[in-house]
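Visitor: Taking the hints into account, I'd like the entire structure generated from these sequences.
Protein chains: 4
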Amino acid sequence: MSERVVLAYSGGLDTSVAIGWIAEETGAEVVAVAIDCGQGGEDLDVVRQRALDCGAVEAVVADAKDEFATEYCVPALQANALYMDRYPLVSALSRPLIVKHLADAARYHNATMVAHGCTGKGNDQVRFEAGLAALFPELKVLAPVRDSGMTRDKAIAFAEEKGLPIDVTKKSPYSIDQNLFGRAVETGFLEDIWNGPIEDVYAYTDNPAEPREPDELVITFTAGVPTAIDGKELTPLQVIEEMNRRAGAQGVGRIDMVEDRLVGIKSREVYEAPGAIALIAAHQELENVTVERELARFKRGVDQRWGELVYDGLWFSPLKNALDGFIAEANKHVTGDIRMVLHGGRAVVTGRRSEASLYDYDLATYDTGDTFDQSLARGFIDIWSMPAKIASVRDRRQG
Amino acid sequence: MSERVVLAYSGGLDTSVAIGWIAEETGAEVVAVAIDCGQGGEDLDVVRQRALDCGAVEAVVADAKDEFATEYCVPALQANALYMDRYPLVSALSRPLIVKHLADAARYHNATMVAHGCTGKGNDQVRFEAGLAALFPELKVLAPVRDSGMTRDKAIAFAEEKGLPIDVTKKSPYSIDQNLFGRAVETGFLEDIWNGPIEDVYAYTDNPAEPREPDELVITFTAGVPTAIDGKELTPLQVIEEMNRRAGAQGVGRIDMVEDRLVGIKSREVYEAPGAIALIAAHQELENVTVERELARFKRGVDQRWGELVYDGLWFSPLKNALDGFIAEANKHVTGDIRMVLHGGRAVVTGRRSEASLYDYDLATYDTGDTFDQSLARGFIDIWSMPAKIASVRDRRQG
Amino acid sequence: MSERVVLAYSGGLDTSVAIGWIAEETGAEVVAVAIDCGQGGEDLDVVRQRALDCGAVEAVVADAKDEFATEYCVPALQANALYMDRYPLVSALSRPLIVKHLADAARYHNATMVAHGCTGKGNDQVRFEAGLAALFPELKVLAPVRDSGMTRDKAIAFAEEKGLPIDVTKKSPYSIDQNLFGRAVETGFLEDIWNGPIEDVYAYTDNPAEPREPDELVITFTAGVPTAIDGKELTPLQVIEEMNRRAGAQGVGRIDMVEDRLVGIKSREVYEAPGAIALIAAHQELENVTVERELARFKRGVDQRWGELVYDGLWFSPLKNALDGFIAEANKHVTGDIRMVLHGGRAVVTGRRSEASLYDYDLATYDTGDTFDQSLARGFIDIWSMPAKIASVRDRRQG
Amino acid sequence: MSERVVLAYSGGLDTSVAIGWIAEETGAEVVAVAIDCGQGGEDLDVVRQRALDCGAVEAVVADAKDEFATEYCVPALQANALYMDRYPLVSALSRPLIVKHLADAARYHNATMVAHGCTGKGNDQVRFEAGLAALFPELKVLAPVRDSGMTRDKAIAFAEEKGLPIDVTKKSPYSIDQNLFGRAVETGFLEDIWNGPIEDVYAYTDNPAEPREPDELVITFTAGVPTAIDGKELTPLQVIEEMNRRAGAQGVGRIDMVEDRLVGIKSREVYEAPGAIALIAAHQELENVTVERELARFKRGVDQRWGELVYDGLWFSPLKNALDGFIAEANKHVTGDIRMVLHGGRAVVTGRRSEASLYDYDLATYDTGDTFDQSLARGFIDIWSMPAKIASVRDRRQG
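Protein chains in written order, with UniProt numbering: chain F, 1 to 399; chain A, 1 to 399; chain E, 1 to 399; chain H, 1 to 399.
It is worth saying that the hints were derived from the structure and are not from the lab.
Among these hints, one or two may not hold up.
In this list, chains with the same sequence are indistinguishable; a pair is considered to hold if it fits within one copy or across any two.
[Claimed, not checked] Each computed SDA-like pair below joins lysine to any residue, with the alpha-carbon atoms no more than 25 Å apart:
| id | residue 1 | residue 2 |
| --- | --- | --- |
| 1 | K232 | G196 |
| 2 | K154 | T365 |
| 3 | K140 | D45 |
| 4 | K140 | D395 |
Predicted model, so just to flag it, every value in this text is computed and none were measured.
Guide: Set out below in structure tokens:
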């Protein structure tokens, strides 16, 4: 029996050609695996049939949208995950999900190899291969685009020669990756970092500059998980979908940045993540209300490291697991409602209420009813400032 | 000769009354010190005269706007200082400046005491007293509002009894602190954190929801210092003033948050800081272009700690000095232009260019001219993912 | 019925006098609570009787050594907790244990107040009161030594006047706090930080400089908990006791340092903690073998913060709980044997073996059997060093 | 004219053979560069002549011991640099020094290539190549042992065939790297991590278990730089040499650990660094006396990252420069004397004195003269513990 390769299959030109390319190159049978993590586009059955038509011996398709929302997007939300304080890790979150399905399929189909269509200068190759190294290290990795010269021109030639059922004529100027949590766009003219994005690059968000009515809503969180909008209980998937729709309609969540890739270069990236950006803003403010100060201060560093790890392809790693332990504990009381106005590209929190609130009106108020004992202040300040004071006296003494 | 007190004088009811209150309480002479750090309002000469009319033996006034911009706001910008990722430290920046002038005045006028009008539950009392402990620890601190029962009602009664030249009838529902870098508003109805702010609380920013034309501008930085707008060289003070005006006109920089005070409570704060928010966004993106990845990653933690220290009143402290050493080195190459669009409450970077850029088009491009050697990737990924892979194999072996 | 006070009772002069002192001062009944956390000395029944003889209405004594070892010392070990890289938190660990028992006793005996014998310049007052604030915030705290002038001279006079059954004549030059995890000594001549300790200050450790035979042993850990010595299964309490005995006999664990107190001053401290120091050394090395690199690197910062929090009296705090979540996850695989030689004040690891080891002989060896693929190195290094290289080229270009 | 290669030359078999090997492989002329960073052994002139005899067209030798001490070891001391809390970075410090001399020689001799003798699984290849990428990125790197199959057997055969003036018969079981700051030993039997080191592996330290008299000395630091021993002014090089001699004679500074290499594996390492370990202990304690608490706490994280960066080959990197800025500022007042006893493998601080001390006897003492105002404590503690208290009340309310 032939060896088998599981291929991360998107349905597009590159991975459709890769089916035959890999088969020729290795003599192995190709099992195509297509995962729906909310990228939209074609029906999964269409994608499945195309894989078979292109020569796959098996084509596995899976609707993993719920899994993606619950197991990947929600943890990112609990970590307020914004790489470089901006990017909500859209693609970086979907890669470990796909890797998990590839590893499962490889076990099921007795594959000895796994293939992806990434180039050699992006982050996704690392996320695929680092994830596979953790979940199924015995698999040999094939990367035809990167390692065996499957350029776009060669791919088109191959498709035409073999008569593959792919339209090779439609050429988008944009290189796009999108899923439930957002959308990334790269394109030639944006590689000049002085150029601004044009309206044409966006698909998840309407133009924030266009006049429209604001949209007000209330998001409910339970232990850091979004569980309802406007009082209606929803799954995480439903929350993110509705937030994408409503925040997207208000132009929320456009990001344009120069980014540090793991492979050592800076790149220019344009993203849209309306739901993610609005939900993170809401979650952060509910943390402000329900998380104790020292925990909140330390958590910022934990959140940053979590985001870096996931960006860097180390979702399946011991440090990620231990950070998850911290973050889960920190989210235990992040329960309550956030009222938010979406408008003109802004997602603005205007109210918060929580049974688990640490905000104490009686301590905070300057009106009658104030219970804060102001006589405590002097002792606190004198001891608080003592180390710096002693050092200052020393500094002057030393000149 | 009588002992002398230097009083941090604002010109308002509380500190005007404090002149006489302190004189009666201590038998000392009061030297009023009023510092202009861009809070606007009355002319300094008017303030000076009022202090004298209220019984001060001396009244020192100083226009410290340039000093504030250069020595306090610019370092905050270089640290991208946002307490809890939101608040640009407006009041926290002005207090050490005032402290410095108070200490200077105390030395000049041979004072043995210093007084402020803060309450006992806010941060500013700590910033005043911790700063004074560092700069002039021998001074005895008086805080009549906090420590000797000078409530608002008693202050009004005192003013009326003594015939002080203060209008005690106009009662604002808002408690406001403002300076060049922004404005803070507290008021009773916002102490219910479910209530949203109303348009009436804002003064530095126009309503972002109102339709208007966008404003595009180019900000030039030199080693992390903003030095020009639209090609016109400006001082830091002029940059911040112009950015306040232009970003404020677009509704940029409104902040509504629940905040962790140093004195142990959570409070609800509304701020406006149009110039600060726009400038920090511009500075961050120029850092993305000019600062190396590992430095940028570590700097986030340094920036956070810098903001916490300053918020917590430890501007004059050894750790602050050492963080400044780090931040100055990190800003050495943060030189270049940022093009930004101000509109509808958003300050959005649309272009960046820099002689010191680390973005390398030839490495980043996917077009012809690509110089990135993709054959390096496999070795990198295998070694990069090796520790997590070995751990993963162990984890499965251990079950 | 009278109000009741629970008193943290040690059996010594100060807290014996405090029974009557508090009763006179407040008119309340005093419930004495004495906790054995391994401090040795008198029998608990003797301590109990003395409390009653001094006027306590109830005297609660508890052998909490097992609880202390398991719930307080083991977590410290898993965090490699060394404040300022030196001090294994001896007293800081016992205070929350005592606080827990005080709060339990206060609930059981319907107390409204709680008392301790700490002074106003040490850390322990903070640990008591911060712990009580978390566990039983309604209790009013009494601190007669600090707040109502119960100096040593007055305590002796009070004891003589009331005929309390305490020997007030024996005056030790040393102020000592000790428990299962170690021993702290303060004394007048050590307040001159140029003076070295003399042999007389030590009780848990023999002189490391004396000639003796080395002691070799094997410590077994299971998920970061020490579970056996030389193959014999032991409880955590038994492990620490045996390590105290054997490491103490070799002079291991003496510490002499200038330390940063929470209350703002530096103090000079001498400690002995033979078991703690030897066990931490063993645990650290087993982590080196079983914990993945990135987790180990991040854990150092977590461990440091854990130690600071506990030193600073915040054992019962949200951040402590979240750090515990991280540390527990990180210790999951810290299972195996450490061979250690105790001798001449040194505790030196000489061997380690573990089913959960991440050390891979085949990858590490330079002998035949090497499975490390050296061809990976070049790609790794080129990408690893790329950001610094690009920055370096820029720096030279910029001059 | 031929192309030229600069070769990092040690005088040993591998790099002597590499001269001819590289010449044959590339047709280029080889310039051998040998740097004395305190590794001892042969005279530099002997090494120089051997290089020429082996076919080098030029042989550059340099005594860089002073430079190494001042520019590399002292900064490590100021950072208390201990990788994984144990290893004072011995080899990691010398590699950037050698790289700097290689780059200088390459410029001087118009070389286009640079060569080193490292294998592909160690850290040193990274340190060489990352350093060269930063200092002279245009150079092509040759690594004959790693990349062109120059195994030990082939090297011996080559030496014999060409009649090179090297003794190929003496075969040490040890692989050793040593310099002024310490010595690293690897050997086959230590690759079994359960085996303990034998006395034979050590050369810088005598057996700590042997009876001898203790050695007491006073080390003087000026701004974190060791400047005198026992009152005699010395250069950094002289200090380290004398400390190596005296601490080595007492068996101080032996290290046996499992270590995380940058290339992804764990390895077993045995080091001796008597001077480094004793000096770091002294420096740390002087920091305890002279550095303010918050600065000291933050500096631990900075020190750790500094050590990781240098271990990981990023000496010449922007983050390293910025950390240096922090560390220099933190060391500004680390001036004073440390009295230390060296004995039986221990380097124990017994006294410290400093004009820049922050230890204040009057604040610390429990004797008469105490100036600490204990009435401050209550206010401090209540506010210090307030956030955790409020959270604790919430937690109980929430159940």
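Visitor: Given identical chains, is K140 near D395, meaning Cα to Cα at most 25 Å, within a copy, between copies, both, or neither?
Guide: The answer is between: 21 Å across copies meets 25 Å, while 62 Å in one copy does not.
Visitor: Checking K232 and G196: alpha-carbon separation at most 25 Å within a copy, between copies, both or neither?
Guide: between (39 Å within a copy, 22 Å between copies)
Visitor: Is the C-alpha distance from K154 to T365 at most 25 Å within one copy, between copies, in both cases, or in neither?
Guide: Result: close only across copies, 19 Å inter versus 70 Å intra.
Visitor: For K140 and D45, with the copy left unspecified, which applies at a CA distance of at most 25 Å: within, between, both, or neither?
Guide: neither (28 Å within a copy, 52 Å between copies)
Hint 3 alone, counting from the list given before, is not met by this structure.
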